[in-house]
Amino acid sequence: MEIKGNIMVLAEVRSGNVHSVTYEMIAWGRRLAEKTDVLVDCLVLGTGEGDFEELIRGGADRVLVVSPGMPDSRLATPAASLLVSAIRGERPDIVIAPATTYGRTIMPIAAARLGTGLTADCTDLDIDPKDSLLMQTRPAIGGNIMATIKTPRTRPQMATVRPRSIKPLPADTGRRGEVVRKDYSLEGEWQERFISFIRSEEGDANLESAEIVLTGGKGIKSRDNFKQLAELAGLMGAGLGATRDAVEAGWAPFSCQVGLTGKTVAPKVYIAAGVSGKIQHLAGMITSDYIVAINEDPKAQIFKVADLGIIGDAPMAVQELTRAFKSHSEKGEGA
Amino acid sequence: MDIVVLIKQVPSTANTRMDPETGVMIRDASETVLNPLDEHAITEAARIKGRFPGSTVTAITMGPPAARRVLLEACARGADRGILLSHKAFGGSDTLATSRVLAATIRKTGGFDLILAGEKATDGETGQTGPMTAAFLNLPVVTFVNRLDVEGDSIVARRIVEEGEEEVLVRLPALVTVVRDINNPPLPTVRQYVIAKKIIFPVWGPQDIGMEEADAGLKGSATRVAKIFSPRLSRNTTYMEAGNEAKMAAAATAILEVLKGRDLMKKGEGHGN
Ligand SMILES: Cc1cc2nc3c(=O)[nH]c(=O)nc-3n(C[C@H](O)[C@H](O)[C@H](O)COP(=O)(O)OP(=O)(O)OC[C@H]3O[C@@H](n4cnc5c(N)ncnc54)[C@H](O)[C@@H]3O)c2cc1C
Chain A
1 MEIKGNIMVL AEVRSGNVHS VTYEMIAWGR RLAEKTDVLV DCLVLGTGEG
51 DFEELIRGGA DRVLVVSPGM PDSRLATPAA SLLVSAIRGE RPDIVIAPAT
101 TYGRTIMPIA AARLGTGLTA DCTDLDIDPK DSLLMQTRPA IGGNIMATIK
151 TPRTRPQMAT VRPRSIKPLP ADTGRRGEVV RKDYSLEGEW QERFISFIRS
201 EEGDANLESA EIVLTGGKGI KSRDNFKQLA ELAGLMGAGL GATRDAVEAG
251 WAPFSCQVGL TGKTVAPKVY IAAGVSGKIQ HLAGMITSDY IVAINEDPKA
301 QIFKVADLGI IGDAPMAVQE LTRAFKSHSE KGEGA
Chain B
1 MDIVVLIKQV PSTANTRMDP ETGVMIRDAS ETVLNPLDEH AITEAARIKG
51 RFPGSTVTAI TMGPPAARRV LLEACARGAD RGILLSHKAF GGSDTLATSR
101 VLAATIRKTG GFDLILAGEK ATDGETGQTG PMTAAFLNLP VVTFVNRLDV
151 EGDSIVARRI VEEGEEEVLV RLPALVTVVR DINNPPLPTV RQYVIAKKII
201 FPVWGPQDIG MEEADAGLKG SATRVAKIFS PRLSRNTTYM EAGNEAKMAA
251 AATAILEVLK GRDLMKKGEG HGN
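So the protein lines, in turn, are chains A and B.
Counting from 1, one number per residue, gives the positions in the first sequence under the numbering used here.
Counting from 1, one number per residue, gives the positions in the second sequence under the numbering used here.
Note that these hints are calculated values from the structure, not bench results.
Ideal placement from N, C-alpha and C gives every residue a C-beta, glycine not left out.
Be aware that one or more of the hints could be misleading.
[As the list claims (entries may be wrong)] Far from chain B, some chain A residues (derived; all Cβ distances over 12 Å):
#, residue
1, Thr47
2, Pro170
3, Arg175
[To be verified] Label-pair ranges, simulated between beta-carbon atoms:
#, chain 1, residue 1, chain 2, residue 2, range
4, B, Arg69, A, Glu296, 35 to 45 Å
5, B, Ile195, A, Ser132, 53 to 63 Å
6, A, Pro168, B, Lys198, 55 to 65 Å
7, B, Arg107, A, Phe254, 30 to 40 Å
8, B, Val194, A, Phe254, 32 to 42 Å
9, B, Asp181, A, Gly16, 19 to 29 Å
10, A, Gly250, B, Asp153, 36 to 46 Å
11, A, Lys167, B, Ala254, 17 to 27 Å
12, B, Glu212, A, Gly174, 49 to 59 Å
13, B, Ser12, A, Gly250, 14 to 24 Å
14, B, Thr237, A, Asp124, 20 to 30 Å
15, A, Gly250, B, Tyr193, 25 to 35 Å
This is chain B alone, in the form it adopts within the complex:
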């Protein structure tokens, strides 16, 4: 099995604060991490590799030069090699342009059976890059997967959807996006990092993947951010002071009245769950 894992460097959420005046997130740009769901994707790739000796795992990321750190982490977590897509022509890519770049890279490297990705990244939260990349490669995609089994030339994937779980059988090659229930990524050991540090990551630009510069980056993007603003919050709040039990009992009565007024008070039946 030759597996590709698509990964992304994202800002660390632990280091974000909100500006109390403007409500805008302040973050230290140097604090970045591997997108949490991508850890699960790599762990899954490593697990499959363990089952099928001779498998390879290639991590691919598009980002600034510093994004090689997430390739290093991917290799410590079980990838064999990594490719860094970094070039000024890639800057400002929306999900469409990003997917085009990733698809061109996968086409260029060729000969893979399975592509894994995190369902979404914590920064953009779109969840679009996986399915779009699959579409550019003309491959089937299974999203929101929380269990994956390789069976012969196919996979059986279990997806978590709104009202339950569904299972689909897909012939390989295919692209799968994973959610966090799929596995528990172990922390890489120091030894794994030492080995990973010896791996050299090629840095590719548009020429290396046979792409026109105009198809990537801002030029290749179909969407534009027109404006950014702080969400406005406001309702006319009625306040009740409830500093002691008697006052809290009055507040509880007020809540009951709210429910009654909306026809939401159930009769004396038991509500088990």
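Next up, chain A with everything else stripped away, as it sits in the complex:
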């Protein structure tokens, strides 16, 4: 009988630390592993330090730590080269990585070297019960339709997966697994040197990790109103989002854009004010826990994905919310 390969999950290492998106990828790995009865291996490249047991509590069966003298995980060539060596050595059936600038750079290099298929930016993964192939689902044609893609002939089946497309599993302190040191070696040379990293001052990193996101669309009506919306976001401790049309109107910078061509967010509460809910916008926020929509048109598509739908004027909602928040904080009420 053919021995089935494991599921390999590539850890996201940023500045020498395992980033939290890795736990989401492990959660995907677990979900697939339940259906195929194989192990979930979390591959860590470029750092030998960290609480690797935590990755096991997050759902990994084994943590494969590959940390020879790699200069910096941010250099694509050596990182991809190590990934290729690890795939050749471990022979996984499936390899998934976050669809971040890291995953979206080194996965294609590795897939090309291995001559196998890669599907970008998946929002759903599953195993086809009929042929046991990985079903890689992603938005296609500008997000208007979803396509499920398979890699039938070549191995491994590789996919990058959109961050926040799944919740990390709650840490299971009882889980047992193995941390294995691997010394896969770097093949060849690389002509890259890391110079510097400058952390951005801007708050847009906040948008993706914010627990509340307040987004304005064309229904906000004016730049001045949008400014009030931004102030309200500050008052609420919310990340400020915008639709593409609001960005194009010059009301908000591109870094605020939520959607297919902007950021993907999945806050606890997403508030969309004056947003129509076109599919390209939904692509960036549909996995939010709770969605509030404010729109004057009761037939607006955004209401289809909303938990709370408020039919009314968006600028007026901004005003009323601002008033409500101000009186709340003046009263000094706590949570």
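Following the hints, position chain B with the ligand against chain A.
Coordinates of chain B with the ligand only, in the frame set by chain A:
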């Protein structure tokens, strides 16, 4: 400096509508444009050419015969020549097969220092063709670049990543994919189009680039589209009519309750930003 720019013809998004019943995009196939990020790649190539007199810029595209239009536009924007990869054997290529074709073409033309491409195309949105092509050519790749400087036999590239910006130094030859912040492409002038129209674009197939037909197109692709469907949307929505201020105030209170219920109401501290 000899520069290659990889470009693609994509459907124009301005001309797309959604079918209200099925939610599927309807578009007029004749409406195509140069992929927006590729405009930035060509503009960057033209800028570098301006700095290093004697440089050449070659635009390469794979696509149907009509894709020569984007080569024409590339030449109007500063490319000196263009190559059209068009053959039935190329049809249905996934990113792996496309990259193989592009790499074979670059190998065939040879003698380049820098390859530029848009970070991704607006139709497929994969961002995989650049890094895969680099891998087939055994070249280093720098992705998501918003600033590029040539220094001697190397480039200094600034990449925009999740939490900030990083700079890397890469020895040439190398492949770089660019994002839209890198420059502001000017509109080509009529004169530039007139000059570009005189350029003849060779049309190449697998034989011309020394490739087996089976390595390209659908046959050479590792991925298959198994199914296409409309995303399903639905939640159980609670509606509130808020046609006047009093009703909107009630709605605002309801939102506050949602936040309180999730422990998201901050104490009376100031949230500056
Ligand atoms: C390839 C592609 C990629 C795209 N990527 C993105 C993306 O990343 N993000 C994104 O957001 N969009 C994206 N879009 C654009 C998207 O299709 C929509 O055009 C856009 O999201 C619409 O923005 P909007 O909701 O602000 O504007 P509109 O669609 O114009 O909607 C405005 C809404 O406000 C409501 N309204 C008007 N006045 C009021 C009022 N006084 N009070 C309350 N409601 C009011 C209207 O009923 C309407 O529903 C993309 C499109 C394409 C083709």
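Hints versus structure:
{"no.": "1", "hint": "Thr47", "result": "16 Å, holds"}
{"no.": "2", "hint": "Pro170", "result": "17 Å, holds"}
{"no.": "3", "hint": "Arg175", "result": "27 Å, holds"}
{"no.": "4", "hint": "B:Arg69 to A:Glu296: 35 to 45 Å", "result": "42 Å, holds"}
{"no.": "5", "hint": "B:Ile195 to A:Ser132: 53 to 63 Å", "result": "57 Å, holds"}
{"no.": "6", "hint": "A:Pro168 to B:Lys198: 55 to 65 Å", "result": "59 Å, holds"}
{"no.": "7", "hint": "B:Arg107 to A:Phe254: 30 to 40 Å", "result": "37 Å, holds"}
{"no.": "8", "hint": "B:Val194 to A:Phe254: 32 to 42 Å", "result": "34 Å, holds"}
{"no.": "9", "hint": "B:Asp181 to A:Gly16: 19 to 29 Å", "result": "27 Å, holds"}
{"no.": "10", "hint": "A:Gly250 to B:Asp153: 36 to 46 Å", "result": "42 Å, holds"}
{"no.": "11", "hint": "A:Lys167 to B:Ala254: 17 to 27 Å", "result": "25 Å, holds"}
{"no.": "12", "hint": "B:Glu212 to A:Gly174: 49 to 59 Å", "result": "54 Å, holds"}
{"no.": "13", "hint": "B:Ser12 to A:Gly250: 14 to 24 Å", "result": "23 Å, holds"}
{"no.": "14", "hint": "B:Thr237 to A:Asp124: 20 to 30 Å", "result": "23 Å, holds"}
{"no.": "15", "hint": "A:Gly250 to B:Tyr193: 25 to 35 Å", "result": "30 Å, holds"}
Against the hints set out earlier in the document, no violation occurs for any number.
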